[in-house]
Amino acid sequence: MSAVAWTLPGLVRQRYREEWLADLVGARDLELPQWSIVGGAAMAAITIDRTDTSVTGITKAHLVANRMRWAAALLGSAAVLGFGLFLWGGYEMLEIAPLGLGIKIFAFFPATLGFFACLGTLVVAFESASRRTGLLLAIGVVVVFVLVAVVTIMPFLVILAVPASLGAIIVAVSFTRRPGSPQQLSGRSRVLVTLPFTALALVIVAAGVLHIFVWNPLAKAPGLSLDEIYSAMSAAGEEPLDAFVMVWAIFSGAVAVTLPILCGIRGVAWFFTAR
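With our numbering, the residue at position 53 of the sequence shown is 53, and numbering never jumps.
Note that these hints are calculated values from the structure, not bench results.
Don't take each hint at face value.
[What the hints assert, rightly or not] For lysine to aspartate or glutamate, the following DMTMM-like pairs were computed, each having C-alpha atoms within a straight-line distance of at most 20 angstroms: (1) Lys60 with Asp49; (2) Lys220 with Glu238; (3) Lys60 with Glu127.
[What the hints assert, rightly or not] If you anchor each label on the Cβ, the simulated ranges turn out as follows: (4) Ile261 with Ile46: 27 to 33 angstroms; (5) Ala199 with Ile46: 25 to 31 angstroms; (6) Val55 with Ala206: 28 to 34 angstroms; (7) Gly187 with Gly208: 45 to 51 angstroms; (8) Ile139 with Gly264: 25 to 31 angstroms; (9) Ala236 with Arg266: 51 to 57 angstroms.
Where a beta carbon is used, it is the ideal one built from N, C-alpha and C, also for glycine.
Whole structure, please, built from the sequences with the hints as guidance.
See below:
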């Protein structure tokens with residue numbers, strides 16, 4: 001029963017939990033099946049109006065922003081996983097193909113949840129005064145789906161789908177009324193929170209590039225210098241620089257640097273809470 005109550009919004013969670021536990025005690029005294037009480041509680045948790053301000057304790061504009069944050073996080077996670085799988089499909093070469101399949105399946109879940117978060121945001125936006133936000137978000141979702149359709153024909157354009165999906169959400173949210181929240185941080189604090197993650201991402205990108213172009217060739221051809229290795233590759237007609245790796249490095253580095261920049265821009269910075 002506590003687990004069912006935990007799924008409710010915080011404002012009504014304790015009240016419903018106490019009522020349901022009392023119902024369980026009453027059912028025991030009346031010799032009624034307790035599972036019927038649990039089933040009723042689960043049905044109430046499923047059907048409760050989670051957009052009602054008396055249930056959530058926040059305004060519709062704040063609820064729109066919260067749901068769009070979830071959509072951005074979920075779609076962004078799915079996009080990163082899909083982007084990585086597109087640029088590097090080496091799981092079959094390493095005889096760990098099930099891992100690649102597992103990542104594809106795992107990426108499907110945040111993509112699906114993010115899609116439903118967008119739909120839920122649209123419903124709340126059109127029900128409230130945020131119709132402009134809903135219209136912008138709807139256009140953004142259509143653009144993303146068009147890009148996904150194009151990707152099936154020209155897979156390299158998947159690079160455009162990642163910033164387009166996140167950009168559509170952030171631009172749509174930036175037009176909403178700024179919700180009041182106790183979690184708001186100053187511009188300096190927001191940037192400082194993002195810097196460790198940006199630095200870590202840049203370190204990973206740099207280490208990946210060094211591993212592919214420096215450390216791995218030297219390990220595979222001991223006794224040869226890097227110049228000798230690349231000269232031999234050029235003589236054999238092999239391209240020493242992999243375009244996909246360079247695109248990955250440039251794109252990932254740019255995304256990492258973009259995060260603190262977005263957090264420092266006053267117009268959209270409130271979208272990025274501490275969490």
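The hints, checked one at a time:
no. : hint                                   : in the structure
1   : Lys60 with Asp49                       : holds, 12 angstroms
2   : Lys220 with Glu238                     : holds, 16 angstroms
3   : Lys60 with Glu127                      : holds, 9 angstroms
4   : Ile261 with Ile46: 27 to 33 angstroms  : violated, 41 angstroms
5   : Ala199 with Ile46: 25 to 31 angstroms  : violated, 43 angstroms
6   : Val55 with Ala206: 28 to 34 angstroms  : violated, 48 angstroms
7   : Gly187 with Gly208: 45 to 51 angstroms : violated, 31 angstroms
8   : Ile139 with Gly264: 25 to 31 angstroms : holds, 27 angstroms
9   : Ala236 with Arg266: 51 to 57 angstroms : holds, 54 angstroms
Checked against the numbered hints above, the structure breaks hints 4, 5, 6, 7 and satisfies the rest.
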